[in-house]
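Heads up: the protein sequence lines correspond to chains A and B, in order. When the letters of the first sequence are read in order and numbered with my numbering, they come out as residues 57 to 140. When the letters of the second sequence are read in order and numbered with my numbering, they come out as residues 3 to 187.
Errors might be hidden in some of the hints.
To be verified - What follows is a list of derived Cβ distance ranges for each label pair: (1) A:90 <-> B:7: 40 to 46 Å; (2) B:58 <-> A:122: 36 to 42 Å; (3) B:14 <-> A:127: 28 to 34 Å.
Unchecked claim - Within a straight-line C-alpha distance of at most 25 Å, the following computed SDA-like cross-link-like pairs (lysine to any residue) qualify: (4) A:126 <-> B:164; (5) B:29 <-> A:134; (6) A:119 <-> B:58; (7) B:167 <-> A:89; (8) B:29 <-> B:42; (9) B:58 <-> A:89; (10) B:179 <-> A:126; (11) B:66 <-> B:91.
Note that these hints are calculated values from the structure, not bench results. Ideal Cβ placement from N, Cα and C applies to all residues, glycine included.
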Amino acid sequence: MNMESTLNSGKVTCKEVMHHICENLKEDFNSERCRTIREHLDKCHECQDYFKSVELTIECYKKYNMDLPKEAHDRLMSILGLEE
Amino acid sequence: MDEQQLVLAAQAGDKKALAELVNMYEKTVYNFAFKICREPEKAENTMQETFLSMIKSLHQFDGKSKLSTWLYRIVANHCLMEFRKKRHRFISIDDEDEFIEDNSAADWSTIPYQSIENEELRKILDEAISKLPPDYRIVFMLRDVEGFSTEETGKMTELSGPAVKSRLHRARAFLRKEINEALKR
Chain A
57 MNMESTLNSG KVTCKEVMHH ICENLKEDFN SERCRTIREH LDKCHECQDY
107 FKSVELTIEC YKKYNMDLPK EAHDRLMSIL GLEE
Chain B
3 MDEQQLVLAA QAGDKKALAE LVNMYEKTVY NFAFKICREP EKAENTMQET
53 FLSMIKSLHQ FDGKSKLSTW LYRIVANHCL MEFRKKRHRF ISIDDEDEFI
103 EDNSAADWST IPYQSIENEE LRKILDEAIS KLPPDYRIVF MLRDVEGFST
153 EETGKMTELS GPAVKSRLHR ARAFLRKEIN EALKR
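Please work from the sequences and hints to get the whole structure.
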């Protein structure tokens, strides 16, 4: 499907929906415009895939953590003069 | 002792209370610093600078906000200063239209995100975020990864709500596009 296509409603384009996803993910979805976007999302597989991929992007960075090495902890306490 | 009591004791010179506060937050500070600068050595340096700064200014801390919020702000400021000192050049991401124009989505079902230990995936994530300008990176990490509200993120970064939202919008679109392209290769 082309980005500029509007499905059957003629109210909103895929590109507008994709912008909206990036802008309003996790925000309130109760306005009239949000309802229109949601109706589009319910029908458009391309926008659904886009929505999932933005969510996955965030999920990946959430899961990507770095443990504090014991040596780094020891050096910190030593620098701060707080050795155990 | 709870956090408030520990802060009061540390402000009065109790070293044990101070050590407990450092122990409480060192992992959070290190991990957040790593998420911004993406290098263990720089993350350790930022952690040290953050706690040195905390100790220096602890007497000014009035307890109106959480200590962790205060620490996140110090980390963010320190990382931004480091990036500015090194004069890194980042591509402009002012035109978000450029990142939304994407007619061919990769197969995201292949992403092994359940196993973030996957080296290939880590490399893709590192490369994508390293291209993102640091002020956008900090907003994305505070808002989406650490879960702060738009208002809290704005306070920590000294940005207005609309500015936080605008940076977040672009950061999400940019990172999604970068990962999408890497998955297609």
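Going through the earlier hints one by one, which of them does the structure break, listed in rising order?
-> 2, 4, 6, 9, 10, 11
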